[in-house]
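K.L.:
Each chain is listed here by its residues.
2 protein chains.
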Amino acid sequence: MRIFRSTRAFRTWRRQQDALRPMIGFIPTMGALHAGHRSLIQHARRTCRTVVVSIFVNPLQFGPAEDYHRYPRDLSQDLALCHEEDVDVVFAPQVESWIPPDFQTRVTVDALSTRWEGEQRPTHFQGVTTIVTKLLNLTRPTRIFLGQKDYQQFLVIRQLVKDLELDTRLILCPTVRDPDGLALSSRNHYLTPLQRQQALRLYQALSAGKEAIRRGVRRARLAEKTMAKIIDAASNIRIDYLACCNAQTLEPLTHLQGKVVLLGAIRIGEIRLIDNLIVQIRQ
Amino acid sequence: MRIFRSTRAFRTWRRQQDALRPMIGFIPTMGALHAGHRSLIQHARRTCRTVVVSIFVNPLQFGPAEDYHRYPRDLSQDLALCHEEDVDVVFAPQVESWIPPDFQTRVTVDALSTRWEGEQRPTHFQGVTTIVTKLLNLTRPTRIFLGQKDYQQFLVIRQLVKDLELDTRLILCPTVRDPDGLALSSRNHYLTPLQRQQALRLYQALSAGKEAIRRGVRRARLAEKTMAKIIDAASNIRIDYLACCNAQTLEPLTHLQGKVVLLGAIRIGEIRLIDNLIVQIRQ
Chain P
1 MRIFRSTRAF RTWRRQQDAL RPMIGFIPTM GALHAGHRSL IQHARRTCRT VVVSIFVNPL
61 QFGPAEDYHR YPRDLSQDLA LCHEEDVDVV FAPQVESWIP PDFQTRVTVD ALSTRWEGEQ
121 RPTHFQGVTT IVTKLLNLTR PTRIFLGQKD YQQFLVIRQL VKDLELDTRL ILCPTVRDPD
181 GLALSSRNHY LTPLQRQQAL RLYQALSAGK EAIRRGVRRA RLAEKTMAKI IDAASNIRID
241 YLACCNAQTL EPLTHLQGKV VLLGAIRIGE IRLIDNLIVQ IRQ
Chain E
284 MRIFRSTRAF RTWRRQQDAL RPMIGFIPTM GALHAGHRSL IQHARRTCRT VVVSIFVNPL
344 QFGPAEDYHR YPRDLSQDLA LCHEEDVDVV FAPQVESWIP PDFQTRVTVD ALSTRWEGEQ
404 RPTHFQGVTT IVTKLLNLTR PTRIFLGQKD YQQFLVIRQL VKDLELDTRL ILCPTVRDPD
464 GLALSSRNHY LTPLQRQQAL RLYQALSAGK EAIRRGVRRA RLAEKTMAKI IDAASNIRID
524 YLACCNAQTL EPLTHLQGKV VLLGAIRIGE IRLIDNLIVQ IRQ
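Top line first, the protein sequences correspond to chains P and E. So in my numbering, spot 210 of the first sequence is number 210, and the numbers just go up one at a time. Remember, my numbering sits 283 above the position in the second sequence when you count from 1.
With the rest of the complex left out, here is chain P (with noise of 0.2 Å):
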């Protein structure tokens, strides 16, 4: 496994594969893997030649008053996950070199953005985008893995892909979850023991929200009360959001309909977790 933690460095490698014209494999990360990522490095090594992992807190994906300066950061247990999982590279590159006092792009992505997490984290998504354009114009990869937990980012990425011509290939990968259905997340590690029982509310309301619609609700308002129900039936368990929206472009139903995606969003103390699951509707 080779480990670049220089730009240049790494832009000479990719520049050598050319010759070789590899399938190459791409799990960007900010690092703190877990299984979730140990999952989406699997479903690369199974299929390309290459792999290829970035490891980069982003702080341009963070508003002011969010986590940055916490998030966790363990870089040796990461290139330990992705020795064990033989990946070839792993790009972790200091951030005042990957992002140096003279940058001012910014790559924005208008109307998906601004829904659901645009509307809590207004910056966030336009920091996704700027740092994930820049990886995959130096990385160049045959396919891009990205985890369904965060899927209002695949379905940004994948327009942004779309309209800036990227030529990769999204992959989408199941969300990993606890034994007991807590979607894996690396702001999980935040969670006290209590905290991690309320947290696996957010699986259960949109579990029900799911059984629901299986069982024949197709009013968008009685899957979205069902769901809040089991929510509210916490104390301190704030709703950011628990909406059923079109799986393609996230506006929000009122007639379910086609492929729904139930997306959900909730604070506890200063702990922000969310979490989503897909409905194929057929007539």
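Calculated directly from the structure, the hints in this document are not laboratory data. Since the model is a prediction, treat every value here as computed from it, not as a measurement. Some clues are possibly wrong.
Heads up, simulated EDC-like pairs for lysine to aspartate or glutamate below, C-alpha to C-alpha not over 16 Å straight-line [what the hints assert, rightly or not]:
1. K162(P) - D385(E)
2. K432(E) - D461(E)
3. K445(E) - D102(P)
Keeping the supplied structure of chain P fixed, place chain E upon it in accordance with the hints.
P.N.:
Frame of chain P; chain E shown alone:
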């Protein structure tokens, strides 16, 4: 010479080139090709195995009150010029397919885009950088050839390429001028013979400023006054700006030193013209 109007066909061609590892020279244009573009193509032809010219009147870089609809378009004449100069590939996409209705990504270079042309045309550079990013990702040229006449655009694209890891080398080529000094521009087509005479004053003003600096003037205001006097002598020219700037950052200077660019923009009736000259001051 191959002509692509379909993005998909051009993408296929570009991917096929990878195996050949060609040296690709790229000249992005809005058509209405003149001797300035011809010179860029000739620069590329001398150093690159494959020369690609794009022809696309980019609606995103025109303001709502600007000349998008009447901008000169003559594809067959443009293709004739490309053929004469032994261009290998012309990419001339249709606007509806290149910027489809669901297009929603914007690329912005902040600091450099806000001055001078950016003040006069607030969304102009965002339109340029969005489409140039798309063109560079699709074409992946070894070198991109840009004219000095659009010097601020050159600096903005240079910053874009650096910030987003676009992996191409920028080649700045000298401004091509009519024998009397008027910088070639597709917008010169709009000028009546009388306006054509008046337009020359922009070059004369910049030349007078450069000459003043050569004779030892180091106060920017003095050089700027020298320039303004020449324009003001013509009754119906409006000055948008005439300024002595740092040639890397475009910040206006008070004391002239180092590499200085004299930037000018004027309006004659509804027609807007820009030009610039660079002076290297040795202490």
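K.L.:
Find the hints from earlier in the document that the structure breaks and name them by number, from lowest to highest.
P.N.:
none
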